[in-house]
Every structure is written in C-alpha cells, then in structure tokens.
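Whole structure, please, built from the sequences with the hints as guidance.
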Amino acid sequence: MTFDRNNPFLATITEREILNKPGSEKCTVHVSLDISDSHISYKVGDSVAVFPTNSPIIVDEILRALKADANTKIVDPRTSNEMSLQDFLVKRANLAKVTKKWIQYVSMHVTEHHEKEALKSLLESENKEKLKDFCSQRQLWDFLKEFSSLEADINECLPIFALLLPRFYSIASSQKKDSNKIDLLIAYFKYTSNKHLRHGVASHYLCELAPMNSPEIAMYIHPSKDFTLPSDPNTPIIMIGPGTGIAPYRGFMQERLASNASGKNWLFFGDWHRANDFYYSEYWQELEKEKLIRLSLAFSRDCEHKIYVQHKMFEEAQEFWEWLEKGAVVYVCGDASNMAKDVDLALHKIVEEQGHKTPEEAKVYVKEMKGAQRYLRDVY
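Reading the sequence shown from the start, the letters are residues 7 to 386 in our numbering.
To be clear, the hints were calculated from the coordinates, so they are not data collected in a lab.
Remember, predicted model here, so these are calculated numbers, not experimental data.
Among these hints, one or two may not hold up.
As the list claims (entries may be wrong) - With a straight-line cut-off of 20 Å between C-alpha atoms, the simulated DMTMM-like cross-links for lysine to aspartate or glutamate are:
1. Lys373 - Asp348
2. Lys231 - Glu325
3. Lys122 - Glu132
4. Lys97 - Glu214
5. Lys107 - Glu88
6. Lys312 - Glu366
7. Lys126 - Glu157
8. Lys231 - Glu214
9. Lys196 - Glu222
10. Lys126 - Glu152
11. Lys187 - Asp341
12. Lys97 - Glu294
13. Lys73 - Glu132
14. Lys103 - Asp148
15. Lys297 - Asp341
16. Lys73 - Asp93
17. Lys295 - Glu310
18. Lys32 - Asp341
19. Lys138 - Glu152
20. Lys270 - Asp308
21. Lys297 - Asp308
22. Lys347 - Glu359
What the hints assert, rightly or not - Here are the simulated distance ranges between beta carbons:
23. Lys182 - Glu296: 29 to 35 Å
24. Glu366 - Lys151: 55 to 61 Å
25. Cys309 - Asn200: 32 to 38 Å
26. Lys151 - Lys196: 18 to 24 Å
27. Trp327 - Ala124: 27 to 33 Å
28. Pro229 - Cys309: 16 to 22 Å
29. Arg280 - Asn161: 53 to 59 Å
30. Leu301 - Asn161: 20 to 26 Å
31. Glu374 - Asp348: 20 to 26 Å
32. Phe320 - Lys73: 57 to 63 Å
33. Lys183 - Pro83: 39 to 45 Å
34. Lys182 - Ala124: 56 to 62 Å
By construction, the Cβ of each residue, glycine as well, lies at the ideal position given by its N, Cα and C atoms.
This is the structure:
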C-alpha cells in the first residue's frame, strides 16, 4: 500500500526525549516513530510530513466563542465528508491564523456597535500595517473571544477556516540502521503574544499532546529530490547545519557507517551553549574520537563575540577549499532567512580568496558546484 497525503500511515511514538540540558532556554525534542509493518521506505535526506491535531483546549475556546455545540454535524466544505464540528476543529481547521476574511466576517456579525466600528477601522485601506500587527498578535480563539457579541452561523464559518496543513520534518535516521524506525529532531516552538503563551501547532502535538505507544501519528514520506548522500561512497562531504538543521546529518552518518563508506565527513554545527544545546553530542563526539568525522562547532553565547557556523568556515578556509578541490559535496540545512544566506556568502568568499579567483569567477565556480549537485540546500 502506498501512503501519501490522501492516505497517511498511522505511526506510533515510541521515544520522546528533550535533548537540551537543564538550564537551556530552548526545548528541542528527539522523537522516534515506529513504522513497523508499513513497508515504508525512505532515503536519508527525505522528510516526514506529519498531520498535527489542534489542542483540545483551543478547540474548546473556539466552540465557546462561536457559541457552538461540539456534537453538531457539519459537512467539510473541502471534502464534502460529514463529521462532528469537534472533529472538524481538531483535525481539519487551522485555528492559529487570524485572517482578513475572519475579520470581515466578524465585523458583519457582531452586535455591539463599538466592536463593529473597531473592526471596520482595521479593514480601512490606510490601516494595512495596523491590521497586520493585529493579526500577528492573536490566534483565532482569542480574537473571537475578544469580540464577544459575535452571532455566528456555523455553516457560514466553515469555508473561512484555513486548512490545517501537514508539517515537514527532516528525518534524523537511516533505514539501514533500523528499517522500522524514523527519528525526528523537533524544536518545540513556544512564544508569548497578546499576554498569552502560544505553541507551534505541530511541535506542541508531537512533543506533548500526542500519546505515546499508540498508532495515531498520521504521516507520509516527503522525498527529497537531491538532498541525499552522493552515490560514490568515497566522496567527501561537508555538512553545515546549526540548530535542528543537524537532523539529516545524523541520518547521513548512520547510513555511511552502515555502508562502510570511506569518504571523509566534516560537520559544522552551532547553537547557543555547548553545555546545554549540543544535540546528540555523545554520538558526534564518539564519531570524532574514532576519527570518523571532523567537527567544527560554534556556540554563539559561550563567548563575548557571537560566533556562527560561517565564522568557523572562515577560520578553516584553507582546508575547506582543499576539500572542495577534492570533490567534496557541501550540504546546508536549516534557517533560510539568515543562516543559509550567510553560509552562501562565506562559501563564495572562500572560493574567491583561497582559489585566487575574482568575484565573478567564484560565482561561476559555485554555480558549477550546484549544477554538479555538489552544493545542496534544505532550507526553510
């Protein structure tokens, strides 16, 4: 049987462990999924797509704000399937986002004059930034609660709910080590806005809400096109991945060890504090001790001046260049907004300076690396 977006497999959480040490300001969780009897296959570098469910506490708040009965039978406007309103809100609706459509709907269905006027003001063209800020500070439940004179028609509301989409996580294991298990490394996302503690929908589900040892995690494999190990096991690899960007490289190394691959391995990893935030530290240090990997580590808050992975690249630029000239494949995984851009700039600069090239020649060199699938990125 093929499992996909329309037919997910129900996996079981068998392990769930916070990897940060006491005192860390982060919460990063190792989660193992049992996929026994699924016949699911994946390659290192692939991701898992997980369908989360919403917190029952938030669902209850939505029901109260809409003055609705959880057992009301509704028809899902996207699938035409009949289900209870409770099931729709738990499994199908995005309850995190306040959208302009919601504000328009509520503005037309509140009975208190001051509430109606406040929402109409937000929708005026000159208040675009104010509207954006208003939406970013709230989730749907506290927005609806704030405008308590709302008289909603549930059937009119259903199409306004955005769809609860799957979330994607890099696989942190190799099937050659254990064919029945998928490991994930998840940053448990928490933040405060509008005086309320918020949780990332999927990370809250996987790290806290979902039951252990019960086949309830709806998931499927999201294949990577190119982000995987080179076909030649002798090829050296350079893996750059701060934070949870380290996840796929654990799978890479499990695969290389299981395959007795002879290619050299170099990992650039960074986070806040070495003592608290070095994920799978014992595994990496044991590999280093056995001379199976080279580690270049950047813990930004352990020193007076913040050091990141791109700074470690510059520190070891000569050897980085030598690896490139020997055909190394460079991988980058993690934050797209800052880290990946900084690493890309560092790579170009190293090629330019160590390779004695002009900026244009360095661009051509890196472009050729991309074309030869020697510079691969999984950034988000």
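Hint by hint, here is what the structure shows:
The straight-line distance between the Cα atoms of Lys373 and Asp348 is roughly 17 Å, inside the 20 Å bound, and the hint therefore holds. For a cut-off of 20 Å, the pair hint linking Lys231 to Glu325 is broken: about 29 Å separates their Cα positions. With a C-alpha separation of about 18 Å, the suggested pair Lys122 and Glu132 falls inside the 20 Å cut-off, and the hint holds. Using a Cα cut-off of 20 Å, the hinted pair Lys97 and Glu214 holds, with the two alpha carbons roughly 17 Å apart.
For the proposed pair Lys107 and Glu88, the alpha carbon gap of about 24 Å is over 20 Å, so the pair is violated. A hinted pair counts as satisfied when its Cα atoms are at most 20 Å apart, and Lys312 with Glu366 does not qualify at roughly 30 Å. For the hint linking Lys126 to Glu157, the alpha-carbon distance of about 17 Å falls within 20 Å, and the restraint holds. Restraint check for Lys231 and Glu214: the C-alpha separation of about 31 Å exceeds 20 Å, so the hint is violated.
Distance hint between Lys196 and Glu222 is unfulfilled; the C-alpha atoms sit about 23 Å from each other, more than 20 Å. Restraint check: the Cα-Cα separation between Lys126 and Glu152 comes to about 15 Å, which is no more than 20 Å; the hinted pair holds. Simply put, Lys187 and Asp341 have alpha-carbon atoms about 26 Å apart, too far for the 20 Å limit, and the pair is violated. Among the hinted pairs, Lys97 with Glu294 is inconsistent with the structure: their alpha-carbon atoms are about 44 Å apart, more than 20 Å.
This hinted pair does not check out: Lys73 and Glu132 have alpha carbons roughly 33 Å apart, beyond 20 Å. With a C-alpha separation of about 11 Å, the suggested pairing of Lys103 with Asp148 holds against the 20 Å cut-off. Proposed proximity of Lys297 and Asp341 is contradicted: the alpha carbons are some 29 Å apart, above 20 Å. Between Lys73 and Asp93 the alpha-carbon distance is near 16 Å, which keeps this suggested pair within the 20 Å criterion.
Pair hint Lys295 plus Glu310 does not hold up; C-alpha atoms about 28 Å apart against a cutoff of 20 Å. Proximity of Lys32 to Asp341 is assessed by CA-CA distance (about 16 Å); at most 20 Å being required, the pair is judged to hold. Restraint check: the Cα-Cα separation between Lys138 and Glu152 comes to about 17 Å, which is no more than 20 Å; the hinted pair holds. At most 20 Å may separate the alpha-carbon atoms for a hinted pair to count; Lys270 and Asp308 exceed this at roughly 29 Å.
Taken as a hint, the Lys297 and Asp308 pair is broken in the structure, with Cα atoms around 26 Å apart against an allowance of 20 Å. For the given pair, Lys347 sits about 18 Å from Glu359 by alpha-carbon distance, which is consistent with the 20 Å threshold. A C-beta distance of roughly 18 Å is found between Lys182 and Glu296, which places it outside the suggested range of 29 to 35 Å. For Glu366 and Lys151, the hinted distance range of 55 to 61 Å is satisfied, since their beta carbons lie about 58 Å from each other.
The hinted range of 32 to 38 Å is satisfied by Cys309 and Asn200, whose Cβ atoms lie roughly 36 Å apart. For the pair Lys151 and Lys196, the supplied restraint of 18 to 24 Å holds, since their beta-carbon distance comes to about 20 Å. Range check, Trp327 to Ala124: about 60 Å between beta-carbon atoms, so the 27 to 33 Å window is missed. At roughly 39 Å, the beta carbons of Pro229 and Cys309 sit outside the given window of 16 to 22 Å.
Between Arg280 and Asn161, the C-beta spacing of about 55 Å keeps the proposed range 53 to 59 Å intact. With their beta carbons about 58 Å apart, Leu301 and Asn161 fall outside the hinted range of 20 to 26 Å. In this structure the hint that Glu374 and Asp348 lie 20 to 26 Å apart at CB holds, the actual value being about 22 Å. The beta-carbon spacing between Phe320 and Lys73, approximately 60 Å, falls within the hinted interval of 57 to 63 Å.
Between Lys183 and Pro83 the beta carbon distance is about 44 Å. The supplied range of 39 to 45 Å therefore holds. Between Lys182 and Ala124 the beta carbons are some 59 Å apart, a value that agrees with the proposed interval 56 to 62 Å.
Taken one by one, the earlier hints fail for this structure at numbers 2, 5, 6, 8, 9, 11, 12, 13, 15, 17, 20, 21, 23, 27, 28, 30, listed in ascending order.
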